[in-house]
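Colleague: Now for the letters of each chain:
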Amino acid sequence: MGWFESGWGLSLVVFLPMVGAFAVLAIPKAKEEAQKQTAFLFALASFLLSVVVAFQFDYGALGDGSRYQLGTDLQWISAISSRYHIGIDGISLPLLVLSTFVTLLSVIYTWNHFPDPHNPKAFLALILVLATGMAGTFVALDLILFFVFFEVVLLPMYFMIGIWGDRNEVTLPVLRRTTEMRLYAAIKFFLFTLFGSAFMLLGFLALFFRSDMGLVGGTPGAHTFDIELLTEMGGMGVFAGGAAFWIFAALFLGFAVKVPMFPFHTWLPDAHTAAPTVGSVLLAAILLKLGTYAFVRISLPILPEEAESWAPAIAILAVIGIIYASLACLAQTDMKRLIAFSSVGHMGFVMLGIATLTDIGINAAIIGMVAHGVITGMLFFLAGSMSHRYHTREMARLGGNQKLMPIMGGILGFTAMASLGLPGLAGFWGEFMALLASFNPLEGLSLSLFRTLMILGAVGTVLTAGYMLWMLQKVNFGEPSAEWEGHDLHDVDRWEMAAWAPMLVAILGIGVFPRIVFGATNEAVIDVVDGIRAAIGV
Amino acid sequence: MTHLLASADRLLLAAEEAGHGAEEFADGGILASGAWLIPVVPMVVAFLIVFFGKRSPYKGWAMATGTMAFVALYGVVLFISNLNQGITYEGAVHLADIGTQSLGEHVGDIFAIEWGWMVDGLSIMMYFVVGVVGLLVFIYAKGYMEGDVRHTWFFASFTLFAGGMLVLVSAPNLIQLIVGWELVGVASYLLIGHYWEEHENSSAAIKAFLVNKVADTGLFIGAIIVGTSVGSFRFTDIMEAIAAGGGDTPLARFAFWAGLAIFIGAMGKSAQFPLHVWLPDAMAGPTPVSALMHAATMVTAGVYLIGRMFPFYMVEGFADEVRGIIIVIGALTLFLTGLLALVQDDIKRVLAYSTLSQLGYMVTAMGAGAYTAGLFHLFTHAFFKALLFLGAGAVIHAVHSNNMSDMGGLRKYMPYTFWTFVIGSWALAGIPVLAGFWSKDEILAGVQFAGSSESGFSIAQGGAGLANLVLVVAIAGAFVTAFYMTRAVWLTFFGTYKGHGTPHEAPRVMTYPLVGLAAGSALAGFLNVPGVTEFFTEGVGARFFEGFGGLEHHVTSIDWALAGLGSAAAIAGVAVGYTIWGPDRETQQARDTFSIPVLYPLLRHKYYIDDFYMDGVVRPVRGPLARAVNWFNDHVIDLVVNGAGWLAAVVARAVYFFDQRGIDGAIHASASVTGGGGGLLRLLQTGKVQQYAILLFAGTVILVAGFVSFAIF
Amino acid sequence: MVAVTAGDWFSTPENYVFLAIALPLVFAGWRVVTSSNVVHAVLYLVGALGGSAALFLLLGAEFVAWAVVLVYIGAVVVLFLFGIMITRAPIGVEVELSHPLRVRISAALVSGALFVLIAIAALTAFGSESIPEAEVTRTADIGQSIFERFVIPFEVVSVVLLAALVGGIVIARRDPSPEEIAAGKETL
Amino acid sequence: MIITQFVILGAALFALGVYGVLSRRNAVLVLLSVELMLAAVNINLVAFDAFVADRIAGGQIFALFIIAVAAAEVGIGLAIVLLIFRNRRSANVDELDLLKL
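Chains as they are written, first to last, in the numbering used here: chain A, 1 to 538; chain B, 1001 to 1713; chain C, 2001 to 2188; chain D, 3001 to 3101.
Hints in this document: simulated from the structure, not taken from any laboratory. Predicted model only: the values in this text are computed from it and were never measured. Please note that a few of the clues may not be correct.
[What the hints assert, rightly or not] Dumping the calculated BS3-like pairs for lysine-lysine here, alpha-carbon to alpha-carbon at most 25 Å: (1) B/K1142 / A/K403; (2) B/K1498 / A/K403; (3) A/K403 / B/K1059.
Isolated chain A (complex conformation):
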């Protein structure tokens, strides 16, 4: 087993961006080109390595014991018996590649799109730190490690929104307090996520103290943060019982805020609307996935019984989210805010798939995550570029964009179609299979409930189509309004093309040939679901 397979490869993928961040910081402020190139190189290296990882990954090898590959397990903080345990399986692999992919494209896009206050040095460094956090979350197999990466993501995004964000004044309804959008959004994002993380950490600790290494051949009475071992114990029903309910509740809060699920979603539209373009892209493409991924990786396998008893609630919230977000979208006048709300709806489908606890559903969830990553990321790129040119996001004023910028309009149409789940493009599989799974969820879950939810979800797809098409009509179609006379509205430029073309290709590729994702996920997902079935005994 070479150095690459023994954990170095993954560690490089994760930490190269962090190194890159320091490298960028080391470059004098004046040398912007150098900073950009450095950031680009590190992001590129990380992406290429993740592709190599994808090549090295053995897609057939599920039989031999551990599901996780290319990882390592080293002493880290022995005081709390937390270890540097990393590794990937079919579930995390697509997300890992996605995160490095989107990071690279974001760096390319920023090349000539630095929001005020300019300062590329800090901005690029933040992107790279963010990259480390995101990639790390997907490879971490130790709860503390996971938590650290999960939180590392928080600060860069906070500063991105707070410093480079939208400077317009907003007045909070009811409270009548006026503040700068970016500050409000940043603080809201930070507090919300921190609130969730606190509960999440509580849940982790509870798991830690209830774990017992004796059951997995360790010293009896010793505790562990190791996800793999905890999963094993969860299978034995170690955590079953009254406390498990609260543990799951704590974890649920932590993850649901990040997803975000229905009642905890209000940070998302503000954060997205206020964030700089790249911020929204990374937020939509990767950060939201951390929550759903955590459900699949931690909540479900470790607490299967609770997962089953919570599934109906989660599914209901998910579908409420779908309908609710679609309706909210219909009321939006701000393009970026509309896209943000649409994310809530799409993640609703993902959560619905997860809540069915079937392999089809979880497969749907994962391809849904990847698809949402590329599609909504793309939509935010477009929204950013358009507001960059028009200096407004009011759809009412943007009419006739198709005439002013044909290519941009075409791409917008293509992506919107993908987002409303057009078959043959990436968005379709997640939606359709989530519904497919909810027709026949895991044994023991209420069929009538889930079938009702399936129909409601199907209605949701209609609403989705509705707001997307009306958005297109407002933005793209019609005659351009007179106020754009004589504005220099250059169409898609070189850097934008460089950043977008790969995403468009990915959207089409995943849609036409979904095995790009399923080929990796299927076995792993079936393994997870078998674990759940075994634990519940169905």
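Keeping the supplied structure of chain A fixed, place chains B, C and D upon it in accordance with the hints.
Modeller: Same frame as chain A, but now just chains B, C and D:
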């Protein structure tokens, strides 16, 4: 990535044959196994046109038409060889595994999604129609779209339109069918909204897309139910499950709802009442689009789908309860929409409503179990409806107006168009020996059989009375059809020209397709003269139902009485039309819509269905409901969030004031921060080094105290 | 908690010697941080350091003691006096040298707490364990272990000193004004 | 002699140093207080050196190191004070609030 490589060679190797009940038929050899080109080539070319069309000869037209020529050629060859020796072939390519089956007898097996191509009577017939009609329309389009804005883009999406339909009809499984289904939908969206500068055009496009999407949810749900309970989306597997018979299989249990849901999907695409509202508005697109959409590509999809799932609706114990609903919907559509055609001034809308009514015939036939008749009508209808639209297009091209009140007397100016149009209208009306006569007659016969005592419909469903009622409606519909077509012909080609300028005959590139289609409309009927020539029945119908003995009924001899009744109705329609519009040619303007007190306003407002959808559904959802949700979001949920933040700030300020009294500088430092209105950013921003230091040491002391106390106690 | 009896603390004469040194030492330290005259503060620091040197002698660490005397009292203090002169720190009574009372009290609280804490910890940990009779450490031994056991830290420290030297110069030198450069008389 | 005596003495000096650092305004005096703290540390080091009767006299040697480093620190510190004084005409710490955004 290894999996990608692995899957790549699997992709190459996975093409497998899965004939169903097809032992004694030829598998078509290379001809059938290569048929995957039929859907793939147009899809690829559509993309190529987007990127390279502008620089290609005739700015994309050549590429598009070449593609259609290829499809047409392939379709013709397949069609002929199928008529000689039935072909049943199914190729499949494994796309991905998406989990395990959870119902059916193979619980736990891998659940796969596939892409494939079906080569059997039904799909071959569709290849033929789409190919041939499509080719003629594409040729015609060269003349019609000359110098259009977005000329290239038009042909790209036009090719996508045809390609999507080919994906649909070549689908051997429900998922691929859905893919093609939606591709057709989006292509129609692009084409209907081709002139998106005007708001109403894009609105019409959105209307079409949304109405279809509503119906598609039905198809989704139906497909999900069927696929899950069979454990596979393959039609062959589904048919096996049906052939295995009803009883307590999952499929049988959900059959009714699945059948209903799938039929709702079909209602959307085939624009059945009450989901027909999108089709007339779809006239916003260029005329060739209407021609293709109405003749071959889009609206036939629903009928095709029912045909694909035919045994599911016929075999007892499955969705056969749905048959009654199908027949009723079909009958309603064919009659009500036929009446609507009477009051239209826009010639294209007349044709649109006539399409609706003809689709009603097809659906009725399907419901009645007359599989062959329904599809045969689809087949013939494709020719004369395309012909009529292209003729109307030529007229519009000449007079620059859609309204028949601006036309009249064009007979003299454009003879080709006139004669072909007349042939088309007669074929549509069902004047004997023209195509429409035969197919419509078979439908009537089929409905009559459904009412007769030996049909499963009347035995199991007790639907005899219903079927006979529908038969009457269908004959009345034949009358109405002839009536409004006569009106259209008269207002357009007879009397005096009421438009401006001097109209001129269309260029050759537009008239030749008309002639070709006219020939088709005249002769296509002879493919299936009951008892005489049964190519169509053999090729498309009977072979499909090996394993379902005597499932579908097709007339084996002409029922002269019924045929006479049908043609009598048609001729009567022509006659009445003539008596109304024929005599006084100058005052027809006053007469071109006759106003019967109650009926007329009802028809003018399209039975108020559109208004109901708009004011009853769409506006409330887009307006009040959406705004309410948004308000809830900002004022209720966010109130909690912001309220919490605000509360924190208040508390912080209180602490601040308290600490001002306090003498402790350390606390002062931190409190003066907390007091900053809850602003996190200002934490520790006094800038005074020593205050930091004080905090630092205080912290240290506390920590150490902790450790020490641990050590001691 | 180990029993602490006065007996152990005031038995041997060394204890009294210790007290004789320690009490003035603490007093000197007290004045260093409180005196309102800069120069006095420095001189008190000299006293404090001298006291510590004496304690080192008492503990038999001669070399360290002389090192303190030479380096600190000899060099560092002088350096301080220089600093005071240069920054024109007001010589003579000056009340503005310290923060206002509020800050001073908080500082006192913190440092007092620190002291109490360490004292308690020490008492708990060692009680009245006595130091073994110290034989004087020979300078040779120290040199021995410096250049064998601690040679690397030693080298590091030397580098640190060098860096400090250079850094001090770089920081403190006044950048020559343009006209000075023009006149070609920029100097350190 | 008793080790605790020395430790407590060291603690007292250290606490005084801390107090000085926190309460003095004049930078030079702050540095003085730091010296005081270092002296306290030295006392502890040497005392423990004797307490454990260290063969290699680690405690004393580290005391020496501290003395050396302290010298360096004073040098740099005073240099900084000098610079600040030059720029701000004052050596008062609480006027150095540049850290505030």
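Colleague: State for each hint whether it applies.
Modeller: Here's how the hints hold up against the structure:
At most 25 Å may separate the alpha-carbon atoms for a hinted pair to count; B/K1142 and A/K403 meet this at roughly 24 Å. In summary, the hint linking B/K1498 to A/K403 is not supported, as the alpha carbons are separated by about 36 Å, beyond the 25 Å threshold. Taken as a hint, the A/K403 and B/K1059 pair is honoured in the structure, with Cα atoms around 20 Å apart against an allowance of 25 Å.
Hint 2 from the list above is the single one not met by this structure.
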